[in-house]
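Protein sequences appear in the order of chains A and B.
First residue of the first sequence? That's 564 in the numbering used here, and the numbers climb one at a time after it.
First residue of the second sequence? That's 177 in the numbering used here, and the numbers climb one at a time after it.
Some hints could be false.
As the list claims (entries may be wrong) - Lysine to any residue pairs mimicking SDA-like chemistry, simulated, CA-CA at most 25 angstroms apart:
hint, chain 1, residue 1, chain 2, residue 2
1, A, Lys673, B, Trp185
2, A, Lys617, B, Gly259
3, A, Lys655, B, Leu314
Hints listed in this document are in silico derivations from the structure and should not be mistaken for laboratory results.
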Amino acid sequence: MYAVETENLTKRYGKTYALENLDFTIDENEIMVLLGPNGSGKTTLLLILATVLKPTSGNAKVMGLDVAAQPTQVRRLLGIAFQDARGFWRHKPADILRFHASVCGVPKAKADSLIETFFKDLELWDARNKLFMHLSGGQAKRLEVSKVLVQRPKFAILDEPTSQVDLRGKRQIWEQILKLREEGSTILVATNEVREAEYLADRVTVLDLGKFVVCDSVRKLKDSITGGDIVELEIDTSEPKTLEEALNQIDGTVKITNARENRFKAYVSMAESWVPKMTEICYQNKARIHSIRITEPSLDDVFLHFTGRTLRENNK
Amino acid sequence: MRNVIRLVWFDLKPELSPPVWIVMEWVVFLVQVGIYGAIISQLVTNPVIGDYKQFYAVGLVIMITFDMASHTGRHFVEHAHEGRLPYLLSLPISRSKLFLTIALQGATELALMLSVPLIVTLLIIGNLTWVSVVACILALFFLGFGVAGLMLGLSFIAFKSSDLYTAMVTGLSAVIIRFSTVLYPFIVLPSQYASAAAFSPLTYGSDLVRFILGFDPTILLNPYYAVAVLAGLAVSTLGLGIFLAQRLVEGVKSA
């Protein structure tokens with residue numbers, strides 16, 4: 564059984580499709596990252612899975628429970644950190660987390676201990692008794708994520724969990740999300756930050772304009788780009804032309820350019836298997852390698868590869 | 177049920193610490209009855225009405241009930257606009273319990289807000305008994321639920337434009353209060369005013385409360401009729417309001 568499964572899931576607002584016939588699965592104890600630009604349908608999908616929105620057509624199941632037919636049971640299994648941390652303006656962060664924990668059935672002693680831990684780990688300790696309306700954007704976002712961390716649900720949904728958070732804070736939140744998965748939670752993260760996706764994802768699902776584009780592990784998605792890896796070489800050789808021809812014969816080579824006499828740039832698929840073969844050829848050709856620099860494609864390149872547009876272009 | 181109480185308390189807590197606006201409402205009521213009520217009762221000396229100050233005090237209680245019930249509807253809209261509604265909708269509480277929470281919170285605020293005005297009014301009338309208090313509270317809750325349902329039903333407008341919603345609710349409030357028997361009895365109204373007043377829920381609420389408190393029944397509407405109208409209003413508008421709001425927030429209307 565999948566932890567999450569959707570079949571022909573569609574959400575329509577008037578004539579606009581926010582999601583269109585989406586088939587999508589998440590395995591248990593997996594971190595699935597939804598990657599897509601603004602307006603790609605990420606948040607709509609999360610809200611449907613969290614039973615906040617009802618689908619126009621199609622099915623969605625969380626841990627085998629239908630989100631439309633058994634919404635209350637689904638809500639008992641999940642916790643969601645929303646994209647916009649808003650709401651209880653006149654409450655204090657400590658009260659908000661205590662309330663959330665109690666409504667979600669976390670025993671008081673455990674909740675108090677977790678709240679203290681996350682306030683300290685996510686640097687909210689000094690702000691715990693401020694009113695919510697006085698928190699900075701980053702603090703409000705960390706508080707939003709803390710709700711899910713304190714709840715420790717079977718299925719955690721995080722919508723852009725580190726937007727507005729500084730670099731150190733991002734890393735702290737990512738570590739906590741990984742810990743949550745280690746404890747057995749299934750996690751769905753929506754983001755348009757490539758670094759976040761690369762750090763967290765077991766698999767990435769790319770959405771564009773409400774439609775499913777591709778889903779796989781980060782490694783496989785990158786490897787699926789033919790010639791996506793760039794290997795820059797500095798090689799001392801007396802016969803650069805011969806060497807270039809030999810390198811061109813290696814499986815996975817898409818293109819070799821010889822920028823300067825001893826500098827080569829190879830566009831290859833799967834650099835990790837290409838480089839050992841290259842070193843062997845250099846040895847056979849008595850060429851001496853001075854330096855190797857490998858650049859792999861980013862998820863932005865993956866998005867570009869599958870949709871013809873970059874994430875950054877789409878977010879503008 | 178424990179979660180319903182938790183949610184009601186969580187929402188009410190900041191309003192009660194300290195309860196400034198509730199106390200301010202009491203002060204406004206006392207000033208209104210003590211000064212304006214005393215003066216206007218000197219001017220209105222119609223023998224059909226008797227002591228107008230008593231009539232006026234009940235009218236003020238009805239207006240507070242109306243304001244609080246409208247506030248409950250607006251509160252729901254504010255929740256949606258402030259982004260709090262999606263959070264509430266994601267909590268492990270059934271939708272019916274969530275709407276019960278909204279209604280209970282409104283009812284609790286109404287009870288807190290009315291406690292002093294109602295007791296003062298009953299003292300002015302000289303009818304402060306358990307029976308009168310309980311009967312009044314029941315009648316006012318029926319009225320409150322009806323008005324809250326009406327405002328919830330209208331909340332779909334707010335999702336299109338909050339300005340339009342505010343304008344409509346303000347206009348509707350003005351009409352519902354003025355064209356009613358809140359401040360003047362049915363029998364003294366000119367016929368065209370009386371016809372309009374028959375459509376205001378406040379007419380039935382105020383006449384029923386006055387009947388319970390021992391006002392002359394000949395100047396009031398039939399109490400059985402008032403009970404039927406208020407009960408019908410509460411059930412239909414609250415039911416419709418919850419139905420519309422639920423469909424609206426979960427986006428089924430777009431299907």
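Here's how the hints hold up against the structure:
1. This hinted pair checks out: Lys673 (chain A) and Trp185 (chain B) have alpha carbons roughly 22 angstroms apart, not beyond 25 angstroms.
2. Between Lys617 (chain A) and Gly259 (chain B), the direct Cα distance comes to roughly 17 angstroms. Compliance with the 25 angstroms bound is thereby established for this hinted pair.
3. Between the alpha carbons of Lys655 (chain A) and Leu314 (chain B) the distance comes to roughly 36 angstroms, so the proposed pair goes past 25 angstroms and is violated.
Of the numbered hints stated above, the single one contradicted by the structure is hint 3.
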